[in-house]
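Residue numbers (our numbering), protein chains in the order written: chain F, 10 to 427; chain Y, 418 to 664.
I should point out that these hints are in silico values taken from the structure, not numbers from a laboratory. Predicted model, so just to flag it, every value in this text is computed and none were measured. Quick reminder that beta carbons are idealized off the backbone N, C-alpha and C, glycines included. There may be inaccurate statements among the hints.
Quick list of in silico lysine-lysine cross-link-like pairs, DSS-like style, CA-CA up to 25 Å [said to hold, decoys possible]:
1. F:LYS423 with Y:LYS616
2. Y:LYS649 with Y:LYS502
3. F:LYS415 with F:LYS51
4. F:LYS423 with Y:LYS517
5. Y:LYS616 with Y:LYS604
6. Y:LYS517 with Y:LYS502
7. F:LYS363 with F:LYS415
8. F:LYS363 with Y:LYS502
9. F:LYS363 with Y:LYS517
10. Y:LYS616 with Y:LYS649
11. Y:LYS604 with Y:LYS551
12. Y:LYS649 with Y:LYS629
Computed footprint of chain Y on chain F, listed as stretches where at least three residues anywhere in the stretch have a Cβ under 8 Å from a Cβ of chain Y [what the hints assert, rightly or not]:
13. 61–67
14. 340–350
So you can see what is in the structure, the chains are spelled out below.
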Amino acid sequence: MKTSARCLLILSLLLPMLALAESPMNLSGTLEVRAQGSSWQKQTDSLLNPGNVIARLPTSQLSAEARGQIQGRSEQFDFTMRGIAIGQRTEGAPNPRDDAYLSQAFARLRFDSRTSISAGRLLLTWGPGQLRSPSNPFYFDAGKTQPLRELSGIDAGSMIYSGDDTSVQVVRVFSNGHTGGSQGENFSGSQTGSTDFRGITLLKFNGQGSNWQNSLVLAKKDADLLFVGAYGQWTASDAILLYAEAGSGSRPQFLLPDSYRLIAPSPRAATALLGGSYTLENGQTVYGEFLYDGHGYNRDEERAYFAVARQATIQLASNAAAAAQLGQALGAAPVLLGRRYVSAIWQSSPQESKLFWQGMWTANADDHSQQVRAYVERNLTRRVTLFGYLTRNFGERDTEFGALLKGSVLLGVKIFML
Amino acid sequence: MKFIKLWIALVLGLTLTQVSRAEPNVQALLAASDRARAGGLPGLVWDVRATNTGSSVIDNEPSVLRLKAADNASLAEYLEPLRSKGSRILQVGRNMWFTKPGLRKPVAISPRQRLTGQAAIGDIAATNYAHDYKAKYLSEESFNGEPCYVLDLTSARDNTTYDRITYWITVRRHVGIHAEFFSVSGKRLKQADFVYDNKISVQGTAIPFISKMTITDALTDAETVLEYSEIKIEAVHRSEFDIANLQ
Chain F
10 MKTSARCLLI LSLLLPMLAL AESPMNLSGT LEVRAQGSSW QKQTDSLLNP GNVIARLPTS
70 QLSAEARGQI QGRSEQFDFT MRGIAIGQRT EGAPNPRDDA YLSQAFARLR FDSRTSISAG
130 RLLLTWGPGQ LRSPSNPFYF DAGKTQPLRE LSGIDAGSMI YSGDDTSVQV VRVFSNGHTG
190 GSQGENFSGS QTGSTDFRGI TLLKFNGQGS NWQNSLVLAK KDADLLFVGA YGQWTASDAI
250 LLYAEAGSGS RPQFLLPDSY RLIAPSPRAA TALLGGSYTL ENGQTVYGEF LYDGHGYNRD
310 EERAYFAVAR QATIQLASNA AAAAQLGQAL GAAPVLLGRR YVSAIWQSSP QESKLFWQGM
370 WTANADDHSQ QVRAYVERNL TRRVTLFGYL TRNFGERDTE FGALLKGSVL LGVKIFML
Chain Y
418 MKFIKLWIAL VLGLTLTQVS RAEPNVQALL AASDRARAGG LPGLVWDVRA TNTGSSVIDN
478 EPSVLRLKAA DNASLAEYLE PLRSKGSRIL QVGRNMWFTK PGLRKPVAIS PRQRLTGQAA
538 IGDIAATNYA HDYKAKYLSE ESFNGEPCYV LDLTSARDNT TYDRITYWIT VRRHVGIHAE
598 FFSVSGKRLK QADFVYDNKI SVQGTAIPFI SKMTITDALT DAETVLEYSE IKIEAVHRSE
658 FDIANLQ
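With the rest of the complex left out, here is chain F (with noise of 0.2 Å):
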């Protein structure tokens, strides 16, 4: 762990005590248990992956994993400490570390009514969008591969001002905190020009009516290209809610898709998601979203992208670059491989005390590969809740969806212990 990490854990921890000695503070705290068993079903004539060579993906997986949160309210302060543990067992690959690590690890302070100061590890995530989100600078694509992974917080200094209607929020990121690892996918999707987020400052303006609110984020490093993000929402009625964000950034890398020559960081592109929502009378909710990101490619330069991996793929045998040039295809692709994406989601109510469910539909709209997913939670006792994610891909070899995996199957239990 790097000085100011540590300096900034120290500060979240010494903080609450000395608010202890203030005012009154309710501790509390939980503890999750889980253990999860997934399978993947391969694709057998892949052209980035033949024979499961390169990206050497796992047939099962067995994993347990602890959750536990303690945290401090009282008038004036907060503080939340978050700590992942995670244990794993592969076939058919290699076993990935074991992790252990703060989530999130942050106090709070409220100078009035209006100010608060936050330092630590935090969760710099917001929009309304599902697929993606365009506005955030740090977590564009959050969670996609691994879905029920939590994300991990920045180490930073966070200052909010809190008006009737507005609100500024001002940020700089001293360390980059837990990002590599298990939670280095997280993060391959940065809008900042680099994966390495230490020396951003970070202004965020918030606008806010009875039905409305919108954003306009801003974040610079030094010399690096500037971050501009926006997003906004409208309760249009008591059931429906629309909304929309954009940002335009940098990626940490471009893959060249026919010479698979690296530039890093990318050009320059904005990405965008439009979306909206209705609420049935039940509480059940059905989203969809379209999303354009300038990131990806366009359908002529991801076959492009396919007839050099072809190209390897054949010459795998015979020369030992193909390999490195097929690794260099999966790592370095970008985070969506094409531009434009259609997506609909259909769940139940959040609030749902017995069964929850998610059914997600996204297409790539230049290749035509679609992904269905379903995820169904099952609350068996107060304690035990039994879970399942099933994804199933469709799509030729040559296109996204189709590229590397036909499917998956995840089944879990749950176990509240606090």
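Following the hints, put chain Y in place on chain F, whose structure we already have.
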């Protein structure tokens, strides 16, 4: 000083009663009934226990929420059951967000989302009918043996939970004891009965305060009982209702 306050309260009470016998000053009556449901107070922190019953209920484990409210904003945090502990719903006007520990980011939700069972956030947060609805006097009738003014409330703002409410306010105590809630089309959605066994002090005067609300669905046998406790009248920091502080 105490005598003056008592005298003002008596005169005010008598005035309201006398006026109402003919035709009550409906806005003053509504404002008085709102105070017993936390309306017009500088801020409020309370715990709400919600229990759901009915043939469609497959899990009748109660939920306990801690609610902070001020002006047009409220923040509800689940304390029970264990699996929901730490989940929060923030409402500012008609803007609403839901989050829980481990969730990637707060999710924007529509006002139609319910907190639990039949209860919407508008049922649990402070009531400001005098501000949010235009009231019309309908009649005087007895409800559960207690003489009541019956008012017809029509939504005057776009942030109300219901489009129209018929509201029974007692003649003697000036508290709402029964309400029927309607949609724009005039369809009755649900009804609620209120009990006021709590007491709070407002400017040194003890007033009755809501202790229980029973919400019954108009079309099914579903019922949600909300019990209010640990009531504290205190200002809540504006920054607590900032979405950026929700995580």
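**Asked** What are the numbers of the hints the structure violates, in ascending order?
**Response** 1, 5, 7, 13, 14
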